[in-house]
Structures are given as C-alpha cells and as structure tokens.
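Q: If you read the sequences in order, they're chains Y and F.
Residue 1 is where the first sequence starts when you use this note's numbering, and the numbers rise one by one after that.
Residue 1 is where the second sequence starts when you use this note's numbering, and the numbers rise one by one after that.
Hint data in this document are derived by calculation from the structure and do not stem from the laboratory.
Do not rely on the hints blindly, as some may be mistaken.
[To be verified] Chain F stretches covered by chain Y per the calculated footprint, using a threshold of three residues with CB under 8 Å from any CB of chain Y: (1) 33-44; (2) 96-106; (3) 296-304; (4) 339-350.
[To be verified] Computed Cβ-Cβ distance ranges for the label pairs, DEER-style: (5) F:Val-470 with Y:His-331: 20 to 30 Å; (6) F:Thr-32 with Y:Glu-380: 51 to 61 Å; (7) F:Glu-5 with Y:Asp-26: 15 to 25 Å; (8) Y:Pro-393 with F:Ala-254: 49 to 59 Å; (9) F:Glu-178 with Y:Arg-422: 49 to 59 Å; (10) F:Arg-369 with Y:Arg-195: 45 to 55 Å; (11) F:Glu-178 with Y:Glu-275: 56 to 66 Å; (12) F:Ala-254 with Y:Ser-319: 26 to 36 Å; (13) Y:Pro-129 with F:Arg-23: 40 to 50 Å; (14) F:Thr-320 with Y:Glu-275: 32 to 42 Å; (15) F:Pro-451 with Y:Asp-26: 39 to 49 Å; (16) Y:Glu-59 with F:Glu-5: 23 to 33 Å.
Just so it is clear, CB atoms sit at the ideal spot from N, CA and C, and this is done for glycine as well.
There are 2 protein chains.
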Amino acid sequence: MDPEEFRSLGHRLIDWIADYRLRERDAGVYPTVEPGEVRSRLPAEPPEQPRDLLEAFAELEPLLNAGTLKWQHPRFFGYFPSNADLASVLGDLVSSGTGQLGLNWEASPALTELEEHVLGWMRDLFGLPGEFRGVIQDTASTSTLIALLCAREVASGHAQERGGLQGLQSPLVVYCSEQSHSSVTKAALLAGFGRENVRPVPTDAGFAMDPERLAAAVRADVAAGRTPAAVVASFGTTATLALDPLEAIAAVAAEHGAWLHVDGAMAGAALLLPECRPLAAGIGSADSIVINAHKWIGAVFDCSLFFTRRPEHLVRLMSTSPSYLRTEADHRTTQFRDWGIALGRRFRALKLWFLLNAEGVEGIRARLRRDIANAGWLAERVSAEPGWELVAPAGLQTVVVRHVPAGMGPDDVDAHTLAWARRINRSGKAYLTPTQLHGRWAVRVSVGALPTEREDVEALWRLMREEATVPAAGG
Amino acid sequence: MDPEEFRSLGHRLIDWIADYRLRERDAGVYPTVEPGEVRSRLPAEPPEQPRDLLEAFAELEPLLNAGTLKWQHPRFFGYFPSNADLASVLGDLVSSGTGQLGLNWEASPALTELEEHVLGWMRDLFGLPGEFRGVIQDTASTSTLIALLCAREVASGHAQERGGLQGLQSPLVVYCSEQSHSSVTKAALLAGFGRENVRPVPTDAGFAMDPERLAAAVRADVAAGRTPAAVVASFGTTATLALDPLEAIAAVAAEHGAWLHVDGAMAGAALLLPECRPLAAGIGSADSIVINAHKWIGAVFDCSLFFTRRPEHLVRLMSTSPSYLRTEADHRTTQFRDWGIALGRRFRALKLWFLLNAEGVEGIRARLRRDIANAGWLAERVSAEPGWELVAPAGLQTVVVRHVPAGMGPDDVDAHTLAWARRINRSGKAYLTPTQLHGRWAVRVSVGALPTEREDVEALWRLMREEATVPAAGG
Numbered sequence: 001m002d003p004e005e006f007r008s009l010g011h012r013l014i015d016w017i018a019d020y021r022l023r024e025r026d027a028g029v030y031p032t033v034e035p036g037e038v039r040s041r042l043p044a045e046p047p048e049q050p051r052d053l054l055e056a057f058a059e060l061e062p063l064l065n066a067g068t069l070k071w072q073h074p075r076f077f078g079y080f081p082s083n084a085d086l087a088s089v090l091g092d093l094v095s096s097g098t099g100q101l102g103l104n105w106e107a108s109p110a111l112t113e114l115e116e117h118v119l120g121w122m123r124d125l126f127g128l129p130g131e132f133r134g135v136i137q138d139t140a141s142t143s144t145l146i147a148l149l150c151a152r153e154v155a156s157g158h159a160q161e162r163g164g165l166q167g168l169q170s171p172l173v174v175y176c177s178e179q180s181h182s183s184v185t186k187a188a189l190l191a192g193f194g195r196e197n198v199r200p201v202p203t204d205a206g207f208a209m210d211p212e213r214l215a216a217a218v219r220a221d222v223a224a225g226r227t228p229a230a231v232v233a234s235f236g237t238t239a240t241l242a243l244d245p246l247e248a249i250a251a252v253a254a255e256h257g258a259w260l261h262v263d264g265a266m267a268g269a270a271l272l273l274p275e276c277r278p279l280a281a282g283i284g285s286a287d288s289i290v291i292n293a294h295k296w297i298g299a300v301f302d303c304s305l306f307f308t309r310r311p312e313h314l315v316r317l318m319s320t321s322p323s324y325l326r327t328e329a330d331h332r333t334t335q336f337r338d339w340g341i342a343l344g345r346r347f348r349a350l351k352l353w354f355l356l357n358a359e360g361v362e363g364i365r366a367r368l369r370r371d372i373a374n375a376g377w378l379a380e381r382v383s384a385e386p387g388w389e390l391v392a393p394a395g396l397q398t399v400v401v402r403h404v405p406a407g408m409g410p411d412d413v414d415a416h417t418l419a420w421a422r423r424i425n426r427s428g429k430a431y432l433t434p435t436q437l438h439g440r441w442a443v444r445v446s447v448g449a450l451p452t453e454r455e456d457v458e459a460l461w462r463l464m465r466e467e468a469t470v471p472a473a474g475g
Numbered sequence: 001m002d003p004e005e006f007r008s009l010g011h012r013l014i015d016w017i018a019d020y021r022l023r024e025r026d027a028g029v030y031p032t033v034e035p036g037e038v039r040s041r042l043p044a045e046p047p048e049q050p051r052d053l054l055e056a057f058a059e060l061e062p063l064l065n066a067g068t069l070k071w072q073h074p075r076f077f078g079y080f081p082s083n084a085d086l087a088s089v090l091g092d093l094v095s096s097g098t099g100q101l102g103l104n105w106e107a108s109p110a111l112t113e114l115e116e117h118v119l120g121w122m123r124d125l126f127g128l129p130g131e132f133r134g135v136i137q138d139t140a141s142t143s144t145l146i147a148l149l150c151a152r153e154v155a156s157g158h159a160q161e162r163g164g165l166q167g168l169q170s171p172l173v174v175y176c177s178e179q180s181h182s183s184v185t186k187a188a189l190l191a192g193f194g195r196e197n198v199r200p201v202p203t204d205a206g207f208a209m210d211p212e213r214l215a216a217a218v219r220a221d222v223a224a225g226r227t228p229a230a231v232v233a234s235f236g237t238t239a240t241l242a243l244d245p246l247e248a249i250a251a252v253a254a255e256h257g258a259w260l261h262v263d264g265a266m267a268g269a270a271l272l273l274p275e276c277r278p279l280a281a282g283i284g285s286a287d288s289i290v291i292n293a294h295k296w297i298g299a300v301f302d303c304s305l306f307f308t309r310r311p312e313h314l315v316r317l318m319s320t321s322p323s324y325l326r327t328e329a330d331h332r333t334t335q336f337r338d339w340g341i342a343l344g345r346r347f348r349a350l351k352l353w354f355l356l357n358a359e360g361v362e363g364i365r366a367r368l369r370r371d372i373a374n375a376g377w378l379a380e381r382v383s384a385e386p387g388w389e390l391v392a393p394a395g396l397q398t399v400v401v402r403h404v405p406a407g408m409g410p411d412d413v414d415a416h417t418l419a420w421a422r423r424i425n426r427s428g429k430a431y432l433t434p435t436q437l438h439g440r441w442a443v444r445v446s447v448g449a450l451p452t453e454r455e456d457v458e459a460l461w462r463l464m465r466e467e468a469t470v471p472a473a474g475g
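Using the sequences and the hints, build the whole thing.
A: Below, the structure is given as structure tokens:
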C-alpha cells in the first residue's frame, strides 16, 4: 500500500476506532454472536485481486462490533482490566508504522535503547533494587517459562550445554502455590520438569501460600535426593489476588539455592503506589519478577515486563551468535534477542512511553487508587448484605463473592452462582468471571477498567442483587 | 486517553507515518546514531504529570528518524525482507484499537474465528493438504520451539504428565541441517534435549541437508539406544536459502516415527507460487510447518504461521483448563490458548486480512515473481563478472556472493569481504548482511523489499563493484 493511500485510509480507521470506543460505552459488554457465526459470514475464498479496502472493511465491521467482548467497557469486571489505553494504541501504531524489527542493536537502535531506558524507569517506579534489569516479553506465561528455564539451567549447572534434562541424576523440582496461575504449571511442564516434579503448595485461609508448608515440601524433596530448582510466588493469585508472603518464601528459596520467581502479572501494578509496597516486602530478593503493563497499568496488549537480578543466566540460556547476526556494535550494546525466546522483536517500548507521557505516573497512580477504593466500597457492601459473602479477603481491586440463599446446599449454590453470573453476562450490562475455590464456584469482580467509576460499581452491585434473587428460570 | 484526543492525535501520527515511509525512500538505510546515543537523549526520569503528547513526540521523533534501520527502504537487502506493508499496519491498528485479548473464544469470538478462517485460506494458498490446521505465533523461533515440544511429548508418550524429560531412559535426539537457523538449536536446548542430543547433519555442495547423512546419523543413534524424536528440515536456510530435500528427509523421519518440522520461515512464501511448489515436494508429510507472513509475504511483524497435521498433540501439550477460563462455548469452539505458549493473544489475523484484501493474492504473487527475477538477474551478473563468485546456487530471491581479487589468500578475502560490505552499509546507500559459510565470509543479498525494483538491484550491483575495488583504506 502506497503511503498516500495509507494516509487517507488511516484517517478513516482512526475515526472508526474513536467511534468504536465511544460506542463501546453504550453497547453491551458481551459479544452477540454464536459460535461459528463470524466464520459463516466471511468469504470462503481469499481475494485474488486487490479490493477497495473501505468496501472490504465495511463487510468486516459488523463482525468486529458484534463479535468482540468489550474489554474496555466501564462495566467490564471480568478476568483482569485490559485497558489498552488509546495513548498506548498510538504508540503501537508508531511501532507498526516504522516497521522496525529488533534482531540486534544495529537492526533498530531506537527500539533497543528505548526499551532499556523505559524498563529502567519502570524498575524504579516499582521500587525494585537497581541491580534488576528489565526486558519486554509478550505475556506472563512466557515470562514465567523463561524464569523456569533460567532456574533449570542454574540448578543443573547449565546442563543444556551437555545432555540437558535428560542427563541429570537428581530430579529438579518446582514449587508454586496451589492457587498459582495455570501458566505456572504449564511453564514447568513445557520446560520439561514433568508433573511429578511440580509441587503445588497448600495455602492459608486467605489463599496465600503457606511458607511452612513450602519449607516442609522442600525438606522432603531434599531428603529424597531431589533438587529444589525454583519457587514461584504469586503476588496476586488469579482467583482472589491473594498475595503470597514473599519474605518468608524468599528465605526458603535462598536456603536451598532455588530460583525465586515472583508472578506479579496483575497485582504487581500496585507497586507503583508507595503505600502498597510493604505488601511486597522481600520482593527485592527475587531472582526474577513479571509484571504485566498490559493489564491494570493500561498499556495495550502485549507488554509483559520481565525483571531479573541475574541477566547473565538468562543471556547464557538464550544466546546464540550466528554470523549473520553479528555486528560491530554487539559488544557495546544490549542484544535483547538473548533475553527471550523470539529472535525478532517488536518496538513495544513505544506503548509504554506513550502511556506514561499521556497519563503521567501520577495519573496512573490516581487511577489505581480510585479502583482500590471502589473495590473496597463493594467489599463492604457485600459483607454487610445478608445472604452475600466475601469468599476471600478483598485483594486490592479484586472482590470475590458468593450469594448463598438461606437453606441452599453447596451443589445448588454452585449452580445458582453460575446461573446469576451467566444472566449478568448474557444481559450485556456487565461482565464477570466465575472461578472455583477449593472446588466451589464463586464470582470474581475485578475493578479497574479505565472508564469505571464508582457509579459503575454501584450499578453492578444493584445488578448482582437483582440477578441473584430472581427465580432461576432455566438458569 | 479520551477517544476525541485519540482522534486528533491519531490523524497527526498517521500523517507522520506516511511521511516517514515517503522520506525513508530518500533517506540512508543505515541508522546514524552511535551506541548509547538514543538513551543519552532521553529524559532521566519518567513524566510524573501528563504531558502534551505532540510536544513529547517532537522530542522522540528525531531519535526515531536517526535511530532506525530502514527495513522498508528500496535498497534494503539485509537479513530478509520485512515488508510491514502499510495495509497490514492498518490491520494492526484495528487490532490495538479494539483492545481485544484472546484468552478463549468468548473473550473475542471475532479474533478466534478470523484467525481460523484466514489460516485456512493461507493453508490452501500454500497448497498444503486440508488436514493441516493453522495458528499464528509471534516468530519462527517460537513456532520451532513448539514443534520440538510436540516432538518431545510424542516421542516420550507425553512424559510431561509424569517425570518429564527427567524420567526418560532412552535419550531423545533432534536432527537438523548444519545450515539450519540458530533458532533450531536454541529451541532444542530450551526444550531440554541438551546439546549432546542435537545432531547438525552435514550438507551437500548446495548447502542442503544430505538425506543419506541424516539416515546414517539416525541409524547410529538407534543402534546406541537413543530415540530419534524430531527432524527439522529447512525449506530455505538462513545463509543461502538452500532448500533441504523434503521428500527424502520425510522418508527417514517416517521410518523412525520422528516428528518432521519444516522451517520455511522465509522461503515458505514461495509456496504461494504454483511453479515453486515442486521445490517443496514432500512437505505434505510434515508434522508441522512454519512460514512467516511477516517476511517476504508482507505482513507487519509479528505474524508467524504455524501449521500442523496433528493438532491433538499440540493441544494436549499446551492445554490447561482452569475454572476462570472455562465458558459454555468451549467445547464448540477452538481455544487458541491451547495452541501456543502464551495465554493472551493479539488479534493478529487482521494484519493478514488487510494485506490480502489490499494486495490481492495475485498482487503478492506478482511481487514475489518480480523479486525472484531480480535476484536471478543479479546472480547472472555476478557469475559473469571476473573476480566475483556465486558462493551458493541462487536460492529464489537470495544471492550469496564473494569478491576475490586476483592472488588474494582466504584470510585476506575474509577481511576484504567484511570491509566492502561495511563500506556499503555505512554509506547508507544500501544494506547487506555478511554471513559465514564453512568458516569463510560471504555477503548475502536478499531481494524483496516492497519498493525494490530492477533499478535498485542494478544500483546495488554498481555499488558492490565500486566498493569492492576501491583501495581498502582502514578496512
């Protein structure tokens, strides 16, 4: 496409996106298509000849309107906030538009150096010690996989240079909270540890990892001749945003020389607030930390921030130095290709740079404080209301609730919980995500969409009470 | 950022990108900054308060102009073409702008179904058998890692559900061409196989894998009690775009039940041309194939197409089913979270959809044919010119050359090769990538930037002869 054609179409699409975001606030949150419906409305064959793009887009547009969950809707309370702030969308546009591909420093000096620089800003804003170095990955799943690969190589004396995991005598073991995100076990399995060598550690009443149980599990493995390779602590579990006690966990990891990875994908954002940092006491001892800038912080996906105090292990793990990638500047610059799985890299720091400049750090902080206050307000209402219960301590901006009609047994409460959440979701008036805790269903309310104000949380609370008390016709 | 502010700034940035691409054609290809220069011009502290974004961008803009390699320049002949067609940039803008995040079907039905649909189009356009299913990954590095993880689990009877690689008796072995991309060995090491269990198979005079040597290596391993888990064939090596003989390789893999992965990251694009498909005879027997849409085909990075005939193994490898991700539609829809490492996914099919509609399949084919003809023209000139040699058979659009002044010894030729390539690169008039073949330097000319016409290749050839014959003052 010619730059002039791009200019004219680009203006149209910028307007379309602005309108999409404006309309989004009035539209239902929930997609209005059935499985298979989008595909059934797409042409069977690809276009052989160039088409008028506006005409083609006119066919796609209704599918985009009907076939999307409105993640940035003021009444989106599902999963986690994915704010995709429009400033960061502009940063991403500049990234795509300049067509950069970071294979090494020379392939895009600005990409490399802006990433290093902005990750230094973020490290300091999170209050992490200066020895941490940062790099952008796509997701926390990948970041955690990378952490476990580092752990594997450190614990095995870099066995990848020899027989890999296949040559080890003493099996390496990974520990995590039984409430940890599914990506932790997935990463351990992908890294080759095997499910028998993953230890989900029981949690306390507040769903945070019990460090005594961790210590006991580690001792048992050591006694049996196994090697503790990694401990993954959750700073904010998925179900309830429980915060594992990092200081006590770090002590166990340090005693046994295990790599400590902190999964702060969601709640790590709270480190931007100095008043929240005591909740993460001990995080500075971690070997690696992941905090997603593409969740509550507001950058458009994907922008997962991976920090490590021991980049030399990461680089040793990832480094290849084929001739066609070697340039004169290599020894004087950071080669982010050696900081992750992918060789090619997008110019992702631009999303963060645009977001930080548009909102300002204080602007982001004010938004996070607003959300925590709104979640606190909801938690109080739920606690005070007969028939309703807080299933977990309110974790920052996540409130996990259950409605228990008088005299109803646990199986019926499960069905009831799924039914009222489903009614709310299907109504399009708000979106919530059910979750299981010790085998029983509850509903998560994750407060933090950019346009979500107190009145939206009030409206949600009214809706929850209405939908949980109607007769469950066909629920 | 408010949608109205986005609208006004978005128009400005669309214009800026159009101008960047127009200016790019007149600018030098090479970045004009020194290591550290970009960082030294960035503010030490992040902005505490919101800034006027245009004012802030005005500070960034000179760094973007000076600090980028111009990958879309008509005289970019480095690495591989990364065309970032502006139509696909618009698709990526719609992706970011709609803020979609594909965790499962319900989280974005359009994202899921457009990806399935467009990957079906691409499979057919590449002439692959209908049983292949496709998914978009970020890069070929990741795609190859996923393929080797599938291979590992199939060969071990899904050992990840037990003790992983740590519990195996018979070591699993991976085979690849000694000319394969660095990401292949990297993937094997990340997957835990260990370097001792990676076999780089020698190549023939044209740098393609020798299937006899492959068969011999496999036989030796089997005799020694090891298990052949995977064979990675290169359809287009990095150094010379050599095409491994897939049919013969597939026969060896099939005989031993090893997973056959075809790395067609770059040259796979040629499968869009029916006349090139005989070069890939046998590809339909592969278990998995990667072809990057973000290289020669023209989509903006990242858009790596991964196809597999055995998605059930991929899904078994990757699948997790935590409660908070389960929805009613799960059993009726494809869950791409189980087709890769990352849980969250961008709406990447839009880049392809925009590209295909803007260029049309015939438009893309015409461009590829133009590039192959231009590379052929250059190869003929090089062969005919005294002092110049073609180091490898011209592979589609890649020409690998060396200039050998009369009477110069091999070490001096190496220094001379690096020197003239460096002079061209530093001049900004064109960009080339040196590479090592059997320990000796040569220069790759990768033809295929979107605006590259015959006159650009002619200009490059003049420049090569000029720079290779000037006195090497200061090398």
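Q: Run every hint past the structure and note whether it holds.
A: Status of each hint after checking the structure:
Judged by the Cβ-Cβ criterion of 8 Å, the segment 33-44 of chain F is covered by chain Y as claimed, because 7 of its residues qualify and three suffice. As drawn, the segment 96-106 of chain F meets chain Y at 9 residues by the rule of a beta-carbon pair under 8 Å; at three or more, the given contact holds. Interface restraint, the segment 296-304 of chain F with chain Y: holds (3 residues with C-beta to C-beta distance below 8 Å; minimum three). Given as covered by chain Y, the segment 339-350 of chain F passes the check, having 5 residues with a CB less than 8 Å from a CB of that chain where 3 are the minimum.
For the pair Val-470 of chain F and His-331 of chain Y, the supplied restraint of 20 to 30 Å holds, since their beta-carbon distance comes to about 27 Å. Take Thr-32 of chain F and Glu-380 of chain Y: their Cβ atoms lie about 59 Å apart, and the range 51 to 61 Å holds. Against the hinted window of 15 to 25 Å, the Cβ-Cβ separation of Glu-5 of chain F and Asp-26 of chain Y comes to about 19 Å, which satisfies the hint. Distance hint check: the CB atoms of Pro-393 of chain Y and Ala-254 of chain F are about 57 Å apart, consistent with the given range 49 to 59 Å.
Checking the proposed 49 to 59 Å range against Glu-178 of chain F and Arg-422 of chain Y shows it holds: the Cβ atoms sit about 57 Å from each other. Taking the beta carbon of each, Arg-369 of chain F and Arg-195 of chain Y are about 51 Å apart, inside 45 to 55 Å as hinted. One distance hint, 56 to 66 Å for the beta-carbon pair Glu-178 of chain F and Glu-275 of chain Y, holds here, with the actual separation near 58 Å. Checked against the hint of 26 to 36 Å, the pair Ala-254 of chain F and Ser-319 of chain Y passes, with Cβ atoms roughly 34 Å apart.
Under the hint 40 to 50 Å, the C-beta atoms of Pro-129 of chain Y and Arg-23 of chain F, about 42 Å apart, fit the expected range. Checked against the hint of 32 to 42 Å, the C-beta distance between Thr-320 of chain F and Glu-275 of chain Y comes to roughly 34 Å, which is consistent with it. In this structure, Pro-451 of chain F and Asp-26 of chain Y meet the distance hint of 39 to 49 Å, their C-beta atoms being roughly 43 Å apart. Between Glu-59 of chain Y and Glu-5 of chain F the C-beta distance comes to about 30 Å, which sits within the given range of 23 to 33 Å.
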